[in-house]
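Chains as they are written, first to last, in my numbering: chain A, 1 to 259; chain B, 1 to 259; chain C, 1 to 304; chain D, 1 to 304.
If you're looking for bench data, these hints aren't it; they were derived computationally from the structure.
Certain hints may be false.
[Claimed, not checked] Capping the alpha-carbon separation at 27 Å, the derived lysine-lysine pairs in DSS-like fashion look like this:
1. 151/B <-> 8/B
2. 157/D <-> 133/D
3. 133/C <-> 149/D
4. 279/C <-> 62/C
5. 279/C <-> 289/C
6. 8/A <-> 41/A
7. 133/D <-> 149/D
8. 62/C <-> 157/C
9. 149/C <-> 254/D
10. 289/D <-> 279/D
11. 254/D <-> 157/C
12. 254/D <-> 151/B
13. 62/D <-> 254/D
14. 149/D <-> 149/C
15. 41/B <-> 8/B
16. 133/C <-> 149/C
17. 41/A <-> 151/A
18. 62/D <-> 149/D
19. 289/C <-> 151/A
20. 254/C <-> 279/C
21. 133/D <-> 149/C
[Unchecked claim] So the derived list for chain D, only partly shown, Cβ under 8 Å to chain B, looks like this:
22. 2
23. 14
24. 67
25. 87
26. 94
27. 98
28. 101
29. 124
30. 145
31. 178
32. 181
33. 184
34. 240
35. 244
Glycine included, C-beta positions come from ideal geometry on N, C-alpha and C.
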Amino acid sequence: MSDAAFSKSEMMIVAAARELAGQRVCFVGVGLPNIAVNLAKLTVTPHLELVYESGVFGARPARLPLSIGDPTIVTGATSVVSMYELFSFYLQGGLIDVGFLGAAQIDRFGNINTTVIGDYETPVTRLPGSGGACEIAINAREVFVIMRQSKRSFVETIDFRTSAGNLGGAEASERIRREQGWLGRGPSVVVTDLGIWHFDANGEMRLDSLHPGATLDDVRNATGWEVSVAPALAQTPAPTADELRLIREELDPGGAYTG
Amino acid sequence: MSDAAFSKSEMMIVAAARELAGQRVCFVGVGLPNIAVNLAKLTVTPHLELVYESGVFGARPARLPLSIGDPTIVTGATSVVSMYELFSFYLQGGLIDVGFLGAAQIDRFGNINTTVIGDYETPVTRLPGSGGACEIAINAREVFVIMRQSKRSFVETIDFRTSAGNLGGAEASERIRREQGWLGRGPSVVVTDLGIWHFDANGEMRLDSLHPGATLDDVRNATGWEVSVAPALAQTPAPTADELRLIREELDPGGAYTG
Amino acid sequence: MHDAVAALVRDGDTVAIEGFTHLISFAAGHEIIRQRKRDLTLARLTPDLIYDQMIAAGVARKLIFSWLGNPGVGGLGAIRRRIESATSGGAGQPPRLEIEEYSHFGMVGRYTAGAANLPFYPLRSYFETDMPKANPLIREIESPYGDGKVYAVPPLKPDVSIVHAQRADANGNTQIWGLLGCQKEAAFAAERVIVVVEELVDEAVIRADPNRTVIPGLIVDAVVVEPYGAHPSYVQGAYDRDNRFYLDWDAITKDEDALQSWLNDWVYDLDGRATYLEKLGPERIASLKPGSAPSGSVDYGRYA
Amino acid sequence: MHDAVAALVRDGDTVAIEGFTHLISFAAGHEIIRQRKRDLTLARLTPDLIYDQMIAAGVARKLIFSWLGNPGVGGLGAIRRRIESATSGGAGQPPRLEIEEYSHFGMVGRYTAGAANLPFYPLRSYFETDMPKANPLIREIESPYGDGKVYAVPPLKPDVSIVHAQRADANGNTQIWGLLGCQKEAAFAAERVIVVVEELVDEAVIRADPNRTVIPGLIVDAVVVEPYGAHPSYVQGAYDRDNRFYLDWDAITKDEDALQSWLNDWVYDLDGRATYLEKLGPERIASLKPGSAPSGSVDYGRYA
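Chain A on its own, in the form it takes in the complex (with noise of 0.2 Å):
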């Protein structure tokens, strides 16, 4: 592949870190978000500070951690605690400002299913399930989500939710949230390999850029709704040939994320 062109996944990589751009700590997935952070942190947002649901805050990974858990992001480490400190003290705490969710699928509202597909006592397909992802989306003070977006991923109705968006529309989940004591304002952006979307009045998913290369038909034929485009819909500037090298040499040499 020449630096010229790109995958659809280095575009949503690229996409994602540059939304992180102005955040301070941002609480860290694995894979995709992985790649993301790290690229912002190497680029749009330097001083970045990535907490690690396994117990990691200050992170200095000498190489791309192979999990959320790897040893590389212990050693050189700020801090290194258990998990009962970092559930307790650093995200329901509310020190995290962004968390970065993936999910199997999504509504309009932003709200989240990584439990089941189907039925939950008798599931089409078992998923991984909630991990800290259901109080990410209540205690961190917005989420990103990055994901791929599909007709079966992208969806009116999510047969589970695993994680809250906006419920069911910005006025309820406002209000919710307010009553309740959320720390979190809840999702406040979707980067997929055809786009970046945000949340409009309502709280709903709007397109506000398409990726290079991808149409509205694309995002249509990947959408499980009716599509709502911003009347100044962008294009998103394509990969530089920094961002690019920095993915393909430093972050995800073996492409395991990328390719």
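Please arrange chains B, C and D on chain A, whose structure you already have, making use of the hints.
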């Protein structure tokens, strides 16, 4: 003072230490209990494990600790943990066999006051308060009390109940402890400068042993209720030369607590 | 290991082999398989490969967990086949695995309540999700200060908790560095505790750094010395995760026959860790050795 | 220290100077006295000599605590005079100090709830005692699992928590060894955090042993380097408790005039710790130096 003679405090400490025979894990308070527990470890129960509320398990003090937070109980200890962990997992978790308490006032049922003399809002004398005592009384499997007795400390009615003993009597105490799921069975012995008291079937203090030199009249004049005496009242064996040597040469050379 | 598992793990027990990606006692899991324990309830935040193997071997009746997967790689086939409708619960199919599901913090809270003898642990999770519907043990609780509700999870008190660690003394005083997961809470919550260590050290080594002690011997029933007992997971400072194994597992776990023959070759046909390591080979093991990164020493001071 | 206290401690604040006999920041307490802060609510498990001094100097309106005394020695006269009926609340007497009283575990639970953003912390204390009557904030709570009640304490979120430690880096990443008390919980619970250290170290020293870090720089607003800033309390490995001072205090605190002249000589007339140490004298300081007891080093491993 010759080896033959001994002070009332020395007798009290020796008697308390002997009562610890066969115990495994002891929650140590400062002052007299600290000396009694360390004497027991050197004599009747060498395998006794000491737990200090300051967060120390398996202490190996190189000198008599000046307080329960003395650095000498930290260096060389088996484990030093936060107070959250000490109170949650060791005490409330049920690992403590014996809790050692002192008292400003005690009633015949072993209920203890270490908070105020007089009215709580406008006290004549303000005492230290609970510290960890009220939770030790509930969560330690049994409680030892060590205190000097007088009509002012052994009272018909305590001014404030800081730590629960046998409440209104054995029946009520056993029912409430069972219903509320307390781990502690309550007070089992009170060692004073005059004798050794245990608790009878009604949960009332009964004088089981008189210290050498003390008379029943001494005890009656130092007790604020009708004294119950064991049918076979024993005489506490005097401190041995070895016990006195350990106290005077190793545990309290300055005579701070035993002079 | 044989004796510890034989004496302390009983059919029908609730067993927790904890360790978040770090310090997972595969050696204990394999011994439980070899001894053909049955009807176990397996508790663990991340079932990981070890529970996939144990459940494939038929030791378990029920699983209590919060995240089901092969971290950074893929799925756990044996467990999924025991849960999904196409492969379990039907005629001629194995019975569906009973599951009890929480979030990570919920599981940590359950161990914490168990360790602290609390009737529940409160947390700000589960609001507006389907999780309390899926698991009725996740319940609402009102604040006694009139400022709303949070959720509660019940205490989890395993019959046996098994923890792998870098080192312990003969009394079971155990020290861990690197990721701490929730091993401390799982150990204090348990009726019986087995500690498996890379190295048995003199009591003086433990006492030289008491703040490093995670589990006191007071609650430990057996100390087993089993170098590389956490392979293919890792031990901070001693060896790296054998990621090749985690990648290879993805193919094995998708095929029940391949999985069963793997169990024969790597568990049933071996008598313990020593032969497992022989079979693995010295080169493979050597390839996992990290460089050195010393913590440095602090001074506790001598107060005599 | 002057600037940190001036910028971060405000009249009317709730201030927690924590440290259980170990690492008590007398330096910060004295600076608060010198700057004549007023109407503070002082929170601390064991008010100790430092709060006796601060309350004698008139900085406080209210005290939140669990054990009131001079550990191993005697009482705290200034505080007692502000509570007991013969010396407070009457005509021509100082107003009675407002008090809010818990047990040790209750105070730890309050900081924990504050740090974890919980509306309450549950614990098995207070049953059948007069403490809930004396403090109506100690409330019963029913288990949602039908197995009875426990007690709850409300979160405590100080405006400022002040912690003394052995070392920190310039970003405030702080490491402590020896008794840990509840400094971590008090720091995470606070709106603002001041860390006072014996030694400022390079970030690399902290990063070499991440499990030793108790407070992350993320929550720290000021790092003050103040060697011997915990005297007359102690710092594990650096200096011993100056017990002579604790013994001397027993006489001073019983006599209001003696106490006020002590405050003049040792606080108001000095401009900071440096002059305090000069006045104390090098021999006194040298006499507190312990022998050496190294922790030894562990290896985290280099994973590149």
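Verification of the supplied hints:
Distance check on the hinted pair: residue 151/B and residue 8/B sit about 17 Å apart at the alpha-carbon level, within 27 Å; holds. Taking the CA atoms of residue 157/D and residue 133/D, the gap is near 23 Å; set against the 27 Å cutoff, the hint holds. The suggested pairing of residue 133/C with residue 149/D holds, with an alpha-carbon distance near 25 Å, which does not exceed 27 Å. Restraint check for residue 279/C and residue 62/C: not satisfied, since their Cα atoms lie roughly 32 Å apart, outside the 27 Å limit.
The straight-line distance between the Cα atoms of residue 279/C and residue 289/C is roughly 18 Å, inside the 27 Å bound, and the hint therefore holds. As the CA atoms of residue 8/A and residue 41/A are separated by approximately 21 Å, the hinted pair is consistent with the 27 Å bound. At most 27 Å may separate the alpha-carbon atoms for a hinted pair to count; residue 133/D and residue 149/D meet this at roughly 17 Å. Proximity of residue 62/C to residue 157/C is assessed by CA-CA distance (about 15 Å); at most 27 Å being required, the pair is judged to hold.
A C-alpha spacing of about 48 Å is found between residue 149/C and residue 254/D, which places the hinted pair above 27 Å, so the restraint is violated. Proximity of residue 289/D to residue 279/D is assessed by CA-CA distance (about 18 Å); at most 27 Å being required, the pair is judged to hold. Under the criterion of a C-alpha separation no larger than 27 Å, the hint pairing residue 254/D with residue 157/C is inconsistent with the structure, at around 51 Å. For the proposed pair residue 254/D and residue 151/B, the alpha carbon gap of about 26 Å is at most 27 Å, so the pair holds.
Between residue 62/D and residue 254/D the alpha-carbon distance is near 21 Å, which keeps this suggested pair within the 27 Å criterion. Among the hinted pairs, residue 149/D with residue 149/C is consistent with the structure: their alpha-carbon atoms are about 17 Å apart, no more than 27 Å. Straight-line distance between C-alpha atoms of residue 41/B and residue 8/B comes to about 21 Å, which keeps the hinted pair within the 27 Å bound. Under the criterion of a C-alpha separation no larger than 27 Å, the hint pairing residue 133/C with residue 149/C is consistent with the structure, at around 17 Å.
For the hint pairing residue 41/A with residue 151/A, the CA-to-CA distance comes to about 32 Å; that exceeds 27 Å, so the pair is violated. For the proposed pair residue 62/D and residue 149/D, the alpha carbon gap of about 30 Å is over 27 Å, so the pair is violated. Proximity of residue 289/C to residue 151/A is assessed by CA-CA distance (about 45 Å); at most 27 Å being required, the pair is judged violated. The straight-line distance between the Cα atoms of residue 254/C and residue 279/C is roughly 23 Å, inside the 27 Å bound, and the hint therefore holds.
About 25 Å separates the Cα atoms of residue 133/D and residue 149/C, which keeps this hinted pair within 27 Å; it holds. For the restraint placing residue 2/D at the interface with chain B, the shortest Cβ-Cβ distance is roughly 29 Å, beyond the 8 Å limit, so the hint is violated. Taken as an interface hint, residue 14/D does not check out: its beta carbon lies about 19 Å from the nearest beta carbon of chain B, beyond 8 Å. Against a cut-off of 8 Å between C-beta atoms, the interface hint on residue 67/D holds, since the closest Cβ of chain B lies about 4 Å away.
Here the hint on residue 87/D is broken, as its CB sits about 10 Å from the closest CB of chain B, past 8 Å. At a threshold of 8 Å, the smallest CB-CB gap from residue 94/D to chain B is about 14 Å, leaving the interface hint violated. The restraint placing residue 98/D at the interface with chain B is violated, with a minimum CB-CB distance near 11 Å, outside the 8 Å limit. The criterion of a C-beta within 8 Å of any C-beta in chain B is met by residue 101/D, whose closest approach is roughly 6 Å, and the hint holds.
The interface hint given for residue 124/D holds, since its Cβ lies 5 Å from the closest Cβ of chain B, which is under the 8 Å cut-off. The beta carbon of residue 145/D is not positioned within 8 Å of any beta carbon in chain B (closest approach about 12 Å), and the interface hint is therefore violated. With a least beta-carbon distance of about 5 Å to chain B, the hint placing residue 178/D at the interface is held under the 8 Å criterion. Annotation: residue 181/D was flagged as interfacial toward chain B, and the flag holds, the nearest CB pair being 6 Å apart, inside 8 Å.
Taken as an interface hint, residue 184/D checks out: its beta carbon lies about 7 Å from the nearest beta carbon of chain B, inside 8 Å. Among the interface hints, the one on residue 240/D holds; its C-beta lies about 6 Å from the nearest C-beta in chain B, closer than the 8 Å criterion. Nearest Cβ of chain B to the Cβ of residue 244/D: about 11 Å, over the 8 Å cut. The hint is violated.
Checked against the numbered hints given earlier, the structure breaks hints 4, 9, 11, 17, 18, 19, 22, 23, 25, 26, 27, 30 and 35 and satisfies all the rest.
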